[in-house]
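With the hints as extra help, turn the sequences into a complete structure.
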Amino acid sequence: MLGEISLSLSSGEVAAVVGPSGCGKTTLLRIIVGLDRDFDGSVTRPTHGRLGVVFQEPRLLPWRTVEDNVRLAAPQAGEATLSALFATLGLAAHRRHYPGELSLGLARRVALARAFAFEPELLALDEPFVSLDAALVEKLRAELIELVSRRPTTTLLVTHSIEEAIGLADRIFLLSRSPARVIADVPIERPRSPRSAAELAVIRDKLRAAAAYG
Amino acid sequence: MNVALRLGSVVLLLAIWLAGSHLVGPRLLPAPQTVALAIVHEARSGALGFNLAVTLLRVAAAFTIAMVFGTVIGLAMGRIAVIDRLADPWLVVLLNLPALVIIVLAYIWAGLTEVAALIAVALNKLPIAIVTVREGARALDPSLDEMATVFRMSGWTRLRHVTMPQLAPYLAAATRSGLSLVWKIVLIVELLGRPNGVGFEIGVAFQLFDVTRILAYALTFVIVMLAIETFLVQPLERRVSRWRIRPA
Numbered sequence: 001m002l003g004e005i006s007l008s009l010s011s012g013e014v015a016a017v018v019g020p021s022g023c024g025k026t027t028l029l030r031i032i033v034g035l036d037r038d039f040d041g042s043v044t045r046p047t048h049g050r051l052g053v054v055f056q057e058p059r060l061l062p063w064r065t066v067e068d069n070v071r072l073a074a075p076q077a078g079e080a081t082l083s084a085l086f087a088t089l090g091l092a093a094h095r096r097h098y099p100g101e102l103s104l105g106l107a108r109r110v111a112l113a114r115a116f117a118f119e120p121e122l123l124a125l126d127e128p129f130v131s132l133d134a135a136l137v138e139k140l141r142a143e144l145i146e147l148v149s150r151r152p153t154t155t156l157l158v159t160h161s162i163e164e165a166i167g168l169a170d171r172i173f174l175l176s177r178s179p180a181r182v183i184a185d186v187p188i189e190r191p192r193s194p195r196s197a198a199e200l201a202v203i204r205d206k207l208r209a210a211a212a213y214g
Numbered sequence: 001m002n003v004a005l006r007l008g009s010v011v012l013l014l015a016i017w018l019a020g021s022h023l024v025g026p027r028l029l030p031a032p033q034t035v036a037l038a039i040v041h042e043a044r045s046g047a048l049g050f051n052l053a054v055t056l057l058r059v060a061a062a063f064t065i066a067m068v069f070g071t072v073i074g075l076a077m078g079r080i081a082v083i084d085r086l087a088d089p090w091l092v093v094l095l096n097l098p099a100l101v102i103i104v105l106a107y108i109w110a111g112l113t114e115v116a117a118l119i120a121v122a123l124n125k126l127p128i129a130i131v132t133v134r135e136g137a138r139a140l141d142p143s144l145d146e147m148a149t150v151f152r153m154s155g156w157t158r159l160r161h162v163t164m165p166q167l168a169p170y171l172a173a174a175t176r177s178g179l180s181l182v183w184k185i186v187l188i189v190e191l192l193g194r195p196n197g198v199g200f201e202i203g204v205a206f207q208l209f210d211v212t213r214i215l216a217y218a219l220t221f222v223i224v225m226l227a228i229e230t231f232l233v234q235p236l237e238r239r240v241s242r243w244r245i246r247p248a
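So the protein sequences, as listed, match chains S and X.
Each step along the first sequence adds one to the number in the numbering used here, with nothing skipped, and position 45 is 45.
Each step along the second sequence adds one to the number in the numbering used here, with nothing skipped, and position 25 is 25.
Derived by calculation from the structure, the hints in this document are not laboratory data.
It is possible that some hints are incorrect.
Stated by the list, open to error - Restraint ranges, calculated between C-beta atoms of paired labels, are given here:
| hint | chain 1 | residue 1 | chain 2 | residue 2 | range |
| --- | --- | --- | --- | --- | --- |
| 1 | X | 96 | S | 44 | 50 to 56 Å |
| 2 | S | 198 | X | 140 | 34 to 40 Å |
| 3 | S | 103 | X | 180 | 38 to 44 Å |
| 4 | X | 208 | S | 100 | 45 to 51 Å |
| 5 | S | 21 | X | 184 | 56 to 62 Å |
| 6 | X | 85 | S | 46 | 51 to 57 Å |
All of these numbers come straight from a predicted model, not from anything done at the bench.
For each residue, glycine too, the CB sits at the ideal point set by N, CA and C.
Quick look at the structure:
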């Protein structure tokens, strides 16, 4: 499914892999985090290999509360860290709830909290905003930016949406259709938070051009 | 309403019993009050309590052995294809071996001992526990497994928080069917080769044609098992599935 792909991230960088649906983005992410071993090539992970993953479906344990879900994945996390995380993600009131009582947006936040509490060296996010409404996406993106800037974390975001990528990433890898390969590697110089509409438009055009070329 | 229905059904059963007793005579089917008096009499002498306790201990021991081994083997068979293929023929043999054959062989090979009795009962329950748990192990959610792998959960955390909760409904089913099966087989084992317990008493009563005593022991035991189901198994089930009860 995947073609020849080579990409590398610097420490602390937030990168996005953007590509059309079905081009193998999720497979690429699974290879990177070591869940898929059926491939030719090599992956160099951070020294201790602590990887936080936010899967497309939240993958919470339905029989454990929100708090226990986070604590079980990150037993080393202190109360202060957890409260800060829950506060940022608007989960403070839901600690004792079970995942079945949460909306998809909230469940995604719990998955995010779990990944951050784990204090990963590399954070991998697979379409973290898919099937949420636009307002919610905007809010969640702001929360994610806040989390990443508070504790600089090398992050790899996989998405089909250029908008999501340019709103979040320092660097964008554009993938072609299957068999996927990298058709553009676009660094974004401006800091994440205050990107004006004009700046975003420039980046967007650049990516569109690259996509058309590829 | 529910309670009234249940009560009504019990009363109806007693009425049928009483009518039957009048029809066939008290020697074949003693009246409920006769049996009740016998229960009181046996309880006063201490024999009822003693035999009940002995049988219950055997039930508990054999049940625990069967469930522990059944869970371990069932999990292994459900998750590892090679083990499943290797052990499946043995499982089929064990499933189809009549209880009586297992009991008799256990007594012949290991003597008329407590150990032989417990092994015989556990072996009768074991294959059913394995099959049920194996079914549960096959239904385990691989996506949660991946999650546990990614977050480097320890073996114990995985077992306790990821695997066991998914197996809980299967374990509950195995417990339900298991308890009733085990106590029935414990009685046969006691009848054939133990000097005490409810099964032994019923054996003696059978030789003396003492239907009153047979019913007295059987009924008391049924009531005890009913109490265990109501006050132990059901609350445990409710606790284990409490996360299901409150919908969004």
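Here's how the hints hold up against the structure:
1. For the hinted restraint 50 to 56 Å between residue 96(X) and residue 44(S), the CB-CB distance of approximately 55 Å keeps it satisfied.
2. At roughly 52 Å, the beta-carbon separation of residue 198(S) and residue 140(X) lies outside the given 34 to 40 Å, and the hint is violated.
3. The given range of 38 to 44 Å is respected by residue 103(S) and residue 180(X), whose C-beta atoms sit roughly 43 Å from each other.
4. Roughly 58 Å separates the CB atoms of residue 208(X) and residue 100(S), a value that falls outside the hinted 45 to 51 Å.
5. Look at residue 21(S) against residue 184(X): about 58 Å separates their beta carbons, and that is inside 56 to 62 Å.
6. About 40 Å separates the C-beta atoms of residue 85(X) and residue 46(S), a value inconsistent with the hinted range of 51 to 57 Å.
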